[in-house]
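> Sequence:
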Amino acid sequence: MADNPKPKSPLPGEEMPVERRMLLAFGLVGVVLLVSQYLYSPTAPQNTGAKQTKPATTQQAAPPAGTPPPATVALETGTAPVVASREQLTTIDTEVFRIVFSNHGGVVKSWQLKAYKGSNGKPLELVNEASSAKAWYPFAFLYEGTKPATDTNFSYFVPTVTDGGLGLRYEFSDGRTRAIKSFRFGRNTYLFDTITELTSGGTGIPHMLAWRGGFGDRTAYAAGSTMRTLYFDIGQNKLVEQEGKVAKDGPATIGGTYSFAGIEDTYFLGVFLPLDKKPVRLQTLNDSVQLTEGEGDTSVIGVGVGGDARNEFQVFVGPKDIDLMRRVNPKLEGAVDFGWFTVIAKPIFLALHWLHDNWVPNYGWCIIILTLAINMLLLPLKISGMQGMKKMSALQPEIQQINEKYKSIALTDPRKAQQNEEIMALYKKNGVNPLGAGCFPLLLQIPFFFAFYKVLSVVIELRGAEWFWINDLSHFDPLYLLPVVMVATQFILQRMTPNTTVDPAQQRMMQFMPLMFGFFFFKASAGLVLYWLTSNLVGVAQQMFINRITPVPVAATASVVPAKQPAKTKIRK
1 MADNPKPKSP LPGEEMPVER RMLLAFGLVG VVLLVSQYLY SPTAPQNTGA KQTKPATTQQ
61 AAPPAGTPPP ATVALETGTA PVVASREQLT TIDTEVFRIV FSNHGGVVKS WQLKAYKGSN
121 GKPLELVNEA SSAKAWYPFA FLYEGTKPAT DTNFSYFVPT VTDGGLGLRY EFSDGRTRAI
181 KSFRFGRNTY LFDTITELTS GGTGIPHMLA WRGGFGDRTA YAAGSTMRTL YFDIGQNKLV
241 EQEGKVAKDG PATIGGTYSF AGIEDTYFLG VFLPLDKKPV RLQTLNDSVQ LTEGEGDTSV
301 IGVGVGGDAR NEFQVFVGPK DIDLMRRVNP KLEGAVDFGW FTVIAKPIFL ALHWLHDNWV
361 PNYGWCIIIL TLAINMLLLP LKISGMQGMK KMSALQPEIQ QINEKYKSIA LTDPRKAQQN
421 EEIMALYKKN GVNPLGAGCF PLLLQIPFFF AFYKVLSVVI ELRGAEWFWI NDLSHFDPLY
481 LLPVVMVATQ FILQRMTPNT TVDPAQQRMM QFMPLMFGFF FFKASAGLVL YWLTSNLVGV
541 AQQMFINRIT PVPVAATASV VPAKQPAKTK IRK
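423 is the number that the working numbering gives to position 423 of the sequence shown; each next residue is one higher, with no gaps.
Mixed in with the good hints, there may be bad ones.
[As the list claims (entries may be wrong)] DSS-like, lysine-lysine: derived pairs with alpha carbons at most 27 Å apart:
id: 1; residue 1: 147; residue 2: 109
id: 2; residue 1: 428; residue 2: 405
id: 3; residue 1: 278; residue 2: 238
id: 4; residue 1: 134; residue 2: 248
id: 5; residue 1: 523; residue 2: 122
id: 6; residue 1: 122; residue 2: 109
id: 7; residue 1: 405; residue 2: 416
id: 8; residue 1: 134; residue 2: 147
id: 9; residue 1: 346; residue 2: 523
id: 10; residue 1: 117; residue 2: 407
id: 11; residue 1: 346; residue 2: 405
id: 12; residue 1: 331; residue 2: 114
id: 13; residue 1: 346; residue 2: 331
id: 14; residue 1: 429; residue 2: 407
id: 15; residue 1: 122; residue 2: 134
id: 16; residue 1: 238; residue 2: 147
id: 17; residue 1: 134; residue 2: 238
id: 18; residue 1: 147; residue 2: 277
id: 19; residue 1: 248; residue 2: 238
[As the list claims (entries may be wrong)] Here are the computed distance ranges between Cβ atoms for each label pair:
id: 20; residue 1: 237; residue 2: 509; range: 40 to 50 Å
id: 21; residue 1: 293; residue 2: 347; range: 34 to 44 Å
id: 22; residue 1: 408; residue 2: 540; range: 40 to 50 Å
id: 23; residue 1: 404; residue 2: 360; range: 53 to 63 Å
These are calculated hints, taken from the structure and not from any lab test.
Here a beta-carbon is modelled for each residue, glycine too, at the ideal position from N, C-alpha and C.
Build out the structure end to end from the sequences listed, making use of the hints.
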């Protein structure tokens, strides 16, 4: 469309994203552990399937899932006026889509993915009807420079259904402006072909195809913040994702040679794949629209792709299914972002996928089984870490004696360094690494925690996965039972873990750690809490085993020499 409404800033008062809450939780725990060890002990030395449906008209042989439809034939040309008198709706019904087109602009008014439901339990609707007044509908034209004499976004095209109900051709001409839009779908694929042409006075008008007003699951929590535009730059060989803020001052347009360009949210993707290697223009927009009925306007990203007077694309609109995207274009796989811990997260996803497909067809039980396996693999490291904690616990009386000896000495006094030297000598004599012994059990779990978090946050297979009373493991537990039980097991595990300090203040501080974790896990995805809860239960069993096989070490006592007092100076009278 020609006019782009000025976007508003995101709504204030949004809750902190879960990922930041988790980072903050572990950060606070790490700070408490490190600071407490600095205060109470020395610093360490520096070293998809869907049900088959009938086509709109005559049936054709179904191609294999994931294969592209046959190439679209070249569009016809002509100059005679071609105008419809009223709005006509056309429905394209395939095994994966139900799409309602309107000849009023040749746009899409409804786009449902049959195999998926929204967070509200209704069929997933990709088109935001509430935004149409401001942002119009998907596949409207966007103009960068010259505009046609007639804005065809509000003209009545003449529709022609082709290919046994799987193709649709729109044509408009008023003697000055001529526009053609062609769509051709496959019966069992998320890929389709589209060709658009636009001329005015016989001159080609460069244009882009738009998708504005929101994309994906608009009923999800903080849906607007999960939407991005994206493209894969062939020259730089990298995937680039853009947030709506790039268009805060108006539409932001770039151009280049791209493998694909389009729009996404966490679980769904709509991208245009050029059929040649010609440069493509991509425009990112930021519209202030209503995402769901009854709510206020929010800042929502939009996209336009094209740039020529004649644009020809294959288009993928569907789930971020890694196997499916890999078959369409291997570069699309990067749209599933596993974050910093990809080296751990991706194997975890593949393991969950294999367990689900070959052993237990429920992702909740798959998470439990995989958590058990991970904890068993880490058991030797846990035993080593717990042995260090026991050694450190046995040294606490000796450390307390040293601290008592120097407690009257100011921190700025050079003799305070002797305190650290004596305690480090005690650690060295007993083979203890104070940082490793105190933080090791927590540090061991952090990579797996964030790997599980990313898998549960971005993998379409876990969206809507059920387990007992939980309807979606990627969302928080609606009854909050898992977080409560998790906090209880965290307390039990903490009571069983060797105490590495005798300082009462530090002990009280550590007792509040489970409550702090409970606060941060309160709204975390149920699958993530299930992983941590299972880890706690396994940890309790392993701690009982470790306590049984590991004797309490006897500290090698260091001689405690009283601190030297400064020599008194005699004053002669």
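> Hint by hint, where does the structure go against what was stated? Just the numbers, ascending.
10, 11, 16, 17
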